[in-house]
Amino acid sequence: MPASEPLAGYSTWTHRWAVVLACATFPLLWIGGLVTTTDAGMAVPDWPNTYGYNLFLYPWQTWLLGPWDLFIEHGHRLLASTVGMLTIGLLVLILRNENRRWMKGIGFAALALVILQGVLGGMRVLLDERTLAMLHGCTGPAFFAVTVAMAVFTSRSWLRATDSSPTDGAGIIRRLTLVVAVLAYLQLVLGAVVRHVPVDAQPDTFMLAVRFHLFLAAILTLHIIGVAWIIQTRARQVPRLRNLSLALVGLVVLQIVLGASTWIVKFAVPTWASHWISPQSVAVIQGGWTQTHIVTAHVAVGSLILGAAVALALYAQRLLIESPLPLVVRRELGAAI
Amino acid sequence: MRALALVTATAALVGCGKSDPPPFRLNMTNVVAKQIAPEHQQAIANILGAMFGTPDEPIALKETGLDQKKLDMAAGPVWSDKVGAKHGLYRRHCVHCHGISGDGRGPTAAVLNPYPRDYRMGVFKFKSTYTAAEPTNLDLTKTLHEGIPGTAMPSFALLPPDEVAALVEYVKYLSIRGQMERLLEDHASVELNAGDKFDPANDPAVQKLVMQDMLGPIMESWNGAKEQVINPEDASIPPDNRPAKELEASVKAGRELFYGTRANCVKCHGPTALGDGQQDDYDVWNKAINDFFKATDDKIGQIASLKTDLAKAQGDDATQIRQQIVDAQKEFNERHALLSSLLLPRNAIPRNLREGVFRGGRRPIDVFWRISSGIPGTPMPASGPAGEGAQGTLTQKEIWQIVDYVHSLPFEPASLPQKRPINASEVSTGE
Amino acid sequence: MEYRWRLTNKMKRLFGISGFLWMLAVSLSGLSGCSGRADMGPVADAANVKAIRDVLATSKGAGSEQAAAATGTGWATIKGQFVFDGDPPTMPPYNVTKEAEICTINGQAPPQEMLVVTPGSKAIKNVVVFLRDASRVNDSAKPKTDRVEFDQKHCLFLTHVVGLTVGQALDIKNSDNTGHNTNILGSGFNQLIPAGGAIPYKVQKDAQVPNKVTCSIHPWMTAYMLPRKDGYFAVSDADGKFEIANVPAGEPLEFQVWHESGAAPGNGLVGTTPDAPDVKWSNRGRVAVTLKPDDVKELKVVVPAKAFRL
Amino acid sequence: MNNTFKAIAVGAICVATFAATSNAADWGSIKGRIVVDGTPAKPAPLVVTKDQFCIDKMPVNNSIVVGKDNALENVFVYLRVPAGQKIDINPEYASKEAEPVTLDNNGCEFHPHAVLARIGQTLDIKNSDPVGHNTNVNVLSFNQVIPSNSDAKVKVSTGGALPTEIACNIHPFMKAWILVQDHPYTATTGEDGTFEIKDIPAGKHEFQFWHEAGGYLKNVKLKGGATDKKGRAELNIEAGKTLDLGDIKVPASALK
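One line per chain: the protein sequences are A, B, C and D, in this order.
Following our numbering, the numbering of the first sequence begins with 5 at its first residue and continues without gaps.
Following our numbering, the numbering of the second sequence begins with 248 at its first residue and continues without gaps.
Following our numbering, the numbering of the third sequence begins with 2 at its first residue and continues without gaps.
Following our numbering, the numbering of the fourth sequence begins with 90 at its first residue and continues without gaps.
All clues given are correct.
Covered by chain B, per the in silico footprint, the following chain A stretches (three or more residues, Cβ under 8 angstroms):
#1 33-47
#2 204-212
#3 271-279
#4 287-298
Within a straight-line C-alpha distance of at most 20 angstroms, the following computed EDC-like cross-link-like pairs (lysine to aspartate or glutamate) qualify:
#5 D:310 x B:574
#6 B:309 x C:55
#7 C:213 x B:480
#8 B:492 x B:503
#9 D:307 x B:438
#10 D:131 x B:544
#11 C:298 x C:279
#12 B:541 x B:574
#13 D:131 x D:158
#14 D:139 x B:527
#15 B:316 x B:409
#16 B:329 x A:43
#17 B:546 x D:301
#18 D:338 x D:281
#19 C:281 x B:310
No lab work stands behind these hints, which were simulated from the structure alone.
We put the beta carbon where it would ideally sit given N, CA and C, even for glycine.
Build out the structure end to end from the sequences listed, making use of the hints.
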């Protein structure tokens, strides 16, 4: 269908705005991760002001040329405000252009979530509490998932929602994609637990969190590969699903490599692996470029996986049409014919 | 559902409220192993609190000569001030592995191999001083600056020198505090009976004991460290640009020493130098935990054999044995309660010398120090003198030859069949 | 109908599993948030800590004196004599292994100098005394500029122990009819001094203990050199006497007493000063004392035989 | 270098100290024999995998050595001087202080298994085996390689209230125990389970009974009482007499 053809309920500006919002949220997550990685969270001790200045009036020279962790933390705050304003803008557009009532609900929910997230960030600074930092770190990806959902809901493919041919096992795909999205979020929560373990926690607590994170990583990977395989075999005709699922597989592979690299730059090559990977003869530099960015990339790609999984799950719910008869019955029918 | 997650998590958070600043805790394995009475445990905690303050407010006692400014910079929660000066450096960089009290039991400790160092014994592996001496400031600074290759200890080369100096000071502070704790616990265990007062506030004898007899020698050892540095004689140091022949001869001599019965390197590092020799020993840190596990096991047997005695005993004897069973059971319970929180003891595995990873540094002088004074706390013994003026097992020249051999090992192709170890009888053992 | 039932069942299970995982994750985060802390054993209690701290603060009388004395004024002099307690050992001759015609005196190898005690008075020679850290330095003790002669004859260093200040120059002479090399350990100096020749050496850096000086050609030759930043040092003479003038008064001082055969760590020498109870000796041979301005402190140091490692 | 000279000098000083602190030459002794009551558990056999020489020598686990008539070897019996106090030393001991304490690595075992040293003494660690050993004396922070047929000397400068372990890391099955005190009133029981400490200043003293397998030998009956929870008993030493404790029975269950 040509793009020029008018589509009921489609608003170019709303969709573009929603995409911009999602695209702006991702770097925010990345920089937020960097704040934790470089322990810059307490670089600015007050909130919502920055050293007494209004957030937007803080002298930019001091920000850009000042210490690294102030640069990161203040930058995180500036970008967060921008994202907040983009959310408000999107809500205005939705209120003006949307006729789906639940979309308006989601718009308000998104605004509420971004405000909650801002307050959590502020409280984390004011109370200097690591548990709050963890909660802040878990809410961020949740908001990102909502922005991705809004971009999906306002998209052309969502509104058009035509898939002429019914798909075998559409129900399975729908459920599995939902499970993947949920697991991806849980994995992020676990990652946040690993990252924000209190300074006086027992070693076995951290060990447990790490093992659980690894266990869930295995489960999530298997699920994603499974989903991608089913989509490749059963729903080839829906390019959006096919592409998204392949992207997910790629991201998971990348994420596993990043995870292993994170372990090595933080905790060195494990003894059992030193037969295959030779240990570094020079120690990793704490807070160095390699370490900081590998660790942060692992966090950010986690969010990206969540976003892709959410998009995949939503599209799967919308685009797939269940075959009228169960697969087994149809096979039997085919054999009979 | 996500909202539900947030609600639950917030509820959990509200449930525990704002967490208190973490306190220093006693070394409970030592406290339980030495069966220190609860009132003495409290007294020890109080004395240490008076002398060293808290993790948020450390005290540089005048007698320790520590620098209060540096300690303040390193201690407390993590934050930065307006000009970007960092605070809470220890909690920013170290606490995750080394723990609040420097016990090497930070949150990540269990997943690391080797375990992070427990500073509380005042024993450090990589240093330039004689075996029994403390490390110098320079030694600790070097470890921070270069990290420990092959372990989770990273390099802090990016930190400005004043921050590294603050961390070194704080590590010394935690060590001195830990050494003091151990002496107090030893004293309480050996000298005090339940009910005995142990209170410096009202007893000048205890004041003298704590400040002079305990802190005095600890500080003497730390302050004297820089005079205990092993400086190889200039004449013994091989020049950098030796002719290949000379180097080859030195490597060959080093190899003979390596396999010979005087230096005995082969016994632990193995005939292939892959670290595959003696593997079932412990370093002092793991040995303490291993002993704790073993003694806890032994308690079970002891209780059983006391019960057999009880069956045969009569009258006063029986009452006494009954009391012993109660005591042993109580100790067992206290020990058992700690077991789950301990890091499982690991054997000290000799270094694989073919990897080219030298934890204490790879400069010739670093390897020289490792061989000359051994690696304190580990099974690696000293081959040089035990102190100034003492007789070493090997001469400095011989140690340099082993250094040359060890440095040549990573370049010896390991894929080739390993060279046959030299027969002990082929190597001269005489002086 | 049956198919439908199966489906919902599967769905329930799926949700059940994810719900279970999620509960675990949340409880884990809660756990790591508060209950996973290491909270075993007693913690110092604030009131008691304060009481102990107050006592420890007042008990360090020396410390508070030190605080007041950091602004000490005036100068004082410390001098004394080292006396051997017991029967001094006789020194065996040097083990001269070559060039006997040059290295012996009338065919006799000279006695070793590991411990030189004057017969009769039992005065100990070659004991080094120096102030460890001077807070201020009197003009008279500022680094010296005069040249010092350091000669060797009969394969012996004629000055067995020499003290110097940084920047001071040493003329290392060789009065023997054979070549010597002079190796000042710890300084990087190792030069051949031709027969009858002389080589100058300038002291670059100070040291905490005297450096050994040897000759690799005649390995029995031994001397010691102490380079210091200031002139607060002395070497006892044949009468066992030493004097360090114009040291800072009114503040605690710490002197190191050193002898090449001292048994204490770092060759420290531990003696006793029975006549001066205010002089405190550590087991490293360090002497803590505070002098009054213009005081001339005279010490008789009795050194027991076991203070030497022989 | 000159032991005779040193001994005389040290002796002179000790006499001087003694004369200053104590006027009456009132000294007594203590002796006894320690036996096991019952049959103690057999110590686990040593796992000797290293060095054919050691395997051939078949060293045994000496953590509990019971001799003839149930005599218990290697018990440390010593006078306990509370922290911060001093005890008069009999001049008889002066000459012994100058003697080195010998610890021999022989047949992949330490000889003796229970070592006594006084602060100031020299520990002379020998290796009579054809294989190399290292000797790790934790209490002295000493850990040095001792090649075959050679020795290393270390000055004993730090002690502790209780015996501590001596180990060889090349042969981790090798163990011994050392007690370092700054007085000479220490003893270990020999093959026949007997011990004797001579020339103790008369008066009441606390004696410590300790064994490597049993730790504090607590609640052990002595003449007129028993050891306390920390294996100590206060005993009266009378001038010119020997306090004979006779046979002291340690229940087998205490050795674990």
